[in-house]
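Letter by letter, the sequence shown follows residues 1 to 299 in full-length UniProt numbering.
Pairs of lysine-lysine residues, derived as DSSO-like cross-links and limited to a Cα-Cα distance of at most 27 Å, are as follows: (1) Lys92 with Lys54; (2) Lys154 with Lys192; (3) Lys260 with Lys197; (4) Lys133 with Lys92.
Across the chosen pairs, the derived CB separations fall in these ranges: (5) Pro62 with Arg196: 37 to 45 Å; (6) Gly114 with Ser247: 43 to 51 Å; (7) Glu136 with Asp264: 31 to 39 Å.
Worth flagging that the hints you see were computed from the coordinates, not collected in a lab. Don't be surprised by glycine CBs; every beta carbon is placed ideally from N, CA and C.
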Amino acid sequence: MPQWYCLLNGGHSRKLRFLDKLVILTTLIFVSGLILTMLPEEGNEIKNLSSIFKAFHDCVRPKLTHLEGNYEQFWYLFTTLTEGCDYLEAYKALDIRTVKNQDEIKYVALPHQGEHLTMVTLGIGRDVNAEVKLKELHPNIEFFGADPVSDTNKDLYVNTLGGKYFQYTVSGTREKYEKETTRHIGADYFFKNVLRKDRIDILWIDIEQNEYPILEQLHSDGLIYKKGVKICQIHVELHKNLFEPKSEFEIMKFHDFVWKLLEDKKYIMMKPYHVKGFNFIRTFIVNVSDKECTDLYLK
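Assemble the whole structure, with the sequences as input and the hints as a guide.
Right, dumping it as structure tokens:
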């Protein structure tokens with residue numbers, strides 16, 4: 001074979017190898033860039049969220065960072081540290097009203113117009129004054145109440161309020177529902193299979209320590225979320241040392257729930273109030289990520 005042909009052929013092969021490498025390199029750069037755009041940093045995620053969650057996050061998180069992992073101080077200082085975050089400009093997008101029962105004030109974000117709402121009370125506590133006042137503010141509400149004690153509660157919820165009563169203890173426990181015998185039922189099953197609701201517009205929880213297993217189900221990896229049930233707003237009592245005075249169980253649950261709330265980017269927590277004599281915190285939680293919910297009450 002002539003020498004000039006070998007040189008020519010060798011140069012052509014080198015050129016082909018160079019082009020192959022160039023194609024591979026270009027493909028790798030493109031794929032890497034695509035992956036980076038699909039996995040944005042937390043800071044970029046926050047920028048893309050609603051302005052109301054960003055306002056909540058940017059105000060609350062810096063005030064709590066130094067207490068992460070310190071369960072007891074987190075519990076006792078939470079309401080004081082975050083008090084100034086209840087009056088953010090972004091919150092003016094919510095029409096927040098108050099309704100009072102015998103011993104507390106509850107918060108509710110009213111919808112723009114006369115939309116039909118579904119409300120659930122877990123733990124009636126022989127008092128429906130707040131529900132009655134809420135009905136006066138927004139008459140178009142269907143009420144469902146659950147309490148294991150039927151005495152007084154059933155009469156108040158059905159005859160005074162005009163709602164539907166269920167004699168259950170509703171908690172986070174996932175148990176099979178047996179119509180005739182079971183009095184203890186998981187919240188996910190109660191909402192989806194008993195009430196047959198995919199959206200709860202207003203949820204009030206006062207169930208003496210069982211609130212934490214329910215709240216944990218609200219997150220993106222929780223049973224309520226996985227069942228496809230949307231919870232738009234919640235007023236809840238979060239307890240400490242209710243049954244085990246020396247246990248850190250409840251304050252750990254509270255600490256972890258707040259941090260998960262900040263990470264999950266679905267809900268904001270407002271109006272926390274520490275009832276020191278009884279050692280529990282009342283707070284108002286609003287879903288600002290689900291379109292069905294925000295279309296109702298965000299301006």
